[in-house]
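Counting in the working numbering, the sequence shown runs from 857 upward without gaps.
Just so you know, the hints here were simulated from the structure itself, not pulled from any lab data. Incorrect hints may appear among the rest.
Claimed, not checked - The following label-pair restraints were derived from C-beta to C-beta distances:
#1 T861 to T950: 44 to 54 Å
#2 P1231 to V881: 51 to 61 Å
#3 W904 to H925: 24 to 34 Å
#4 T918 to E946: 51 to 61 Å
#5 R1047 to A987: 53 to 63 Å
#6 E946 to V881: 17 to 27 Å
#7 A1068 to P1126: 32 to 42 Å
For glycine and all other residues, C-beta sits at the position ideal for the given N, C-alpha and C.
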Amino acid sequence: MDRATRAAQQVDDQFYRVLTVLRAVTLVYAVGINAARWRDFEHPGAAWVLIGVMVVWSGVVTWLYEPRHRATWVFIVDMAITLALLRSTEYTHTDEMLAAHTFTLTTYWVTTVVLCWAVRWGVTGGLLATAIVQSVDVTMRPSVNSSTVGNIFLMVLAAMLVGYCAHALRVAAVRRVEAERLAATAAERERLARAVHDGVLQVLALVQRRGAEIGGDAAELGRLAGEQELALRSLIQSRARGEVALDGELTDLGQALDQLAGPKVSVATPSRPLMLPSDVAGEIVDAVRACLSNSIIHGGVDTSAWILLETGDGRLVVSVRDDGPGIPPGRLEQAESEGRLGVATSIKGRLRDLGGTAELIDTAGQGCEWELCVPLEQMPPVPQKR
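Build the full structure now, drawing on both the sequences and the hints.
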């Protein structure tokens, strides 16, 4: 059992403990009410036997609602026994008591099973249990009055409230565990980033710089060191999209890309926001950042770049173009075959994980252009507003 599941179960455990107390309180109330009117029953002996069954079952079902026993059949059996005891009111009560809409034999004790169903199956389960219990109650009465309607309303209200709260608290518990996990991951990433930056990245940067100064074969070595620095930095760098993104959070991709603009980088995005899951938007932004870093590695710090975000035909397209020397045909394939996976992992790998593609369009000495395409079919619908 993972931590998220365990957290959700702990929420359920708290609810069932409270409902166990409620069952005991309503049982005491039922015993007291019936003890005060036992002479009015048509069959008082049978009534006391049935009350004894209520007491015994309350103890048994409390044990059955423990986490190790809690299964669907427990809820069904609990409902069946509750309905049988409720229906026995027709046998223990006189016709006058039924016509006067006095308390049933079980009184408020029946509400416990309704609320248990609400915790188990949410608002839907609570309303279904309410319908079952109230249909048995109403069919015993010769007529329906305001008291009956009031009882139905209160039970519906309680079932909806408990069902909603149980679901909301389970979701909150799972999100808290996920936030803690992501925060721990971010902290570990930051720790590793510091360690790598103080060692490996500085060495790679030094090799790249010195290789360019020496020239010849050393220049090629420096270029390769730059590629590996790019791949490693992309892996460990802090995400520009934020500290910790929970499942379901959305990010405006256009706004995130705008943050990459600079003196040598121009960004053009649609006027309307393009909302994507934060993790998806973050991967796209990181891929674009890798494209820009690759342009600087091959073209130098004076290289200019242009970023264009477009949507259409059920997909989004991010084009990253520069005015550098370009990449010779077959160079990327050769680098991958030799185990140098900077571009393959930081650009192509990210897009592949999103179900998209990353295509390099070389312009033969006039720079290169990356076209990053991601399908939008599985993206959640979001109202577009500025």
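Okay, the hints, checked on the actual structure:
no. : hint                       : result
1   : T861 to T950: 44 to 54 Å   : 51 Å, holds
2   : P1231 to V881: 51 to 61 Å  : 56 Å, holds
3   : W904 to H925: 24 to 34 Å   : 29 Å, holds
4   : T918 to E946: 51 to 61 Å   : 27 Å, violated
5   : R1047 to A987: 53 to 63 Å  : 56 Å, holds
6   : E946 to V881: 17 to 27 Å   : 26 Å, holds
7   : A1068 to P1126: 32 to 42 Å : 39 Å, holds
The earlier numbered hint that this structure contradicts is number 4, and it is the only one.
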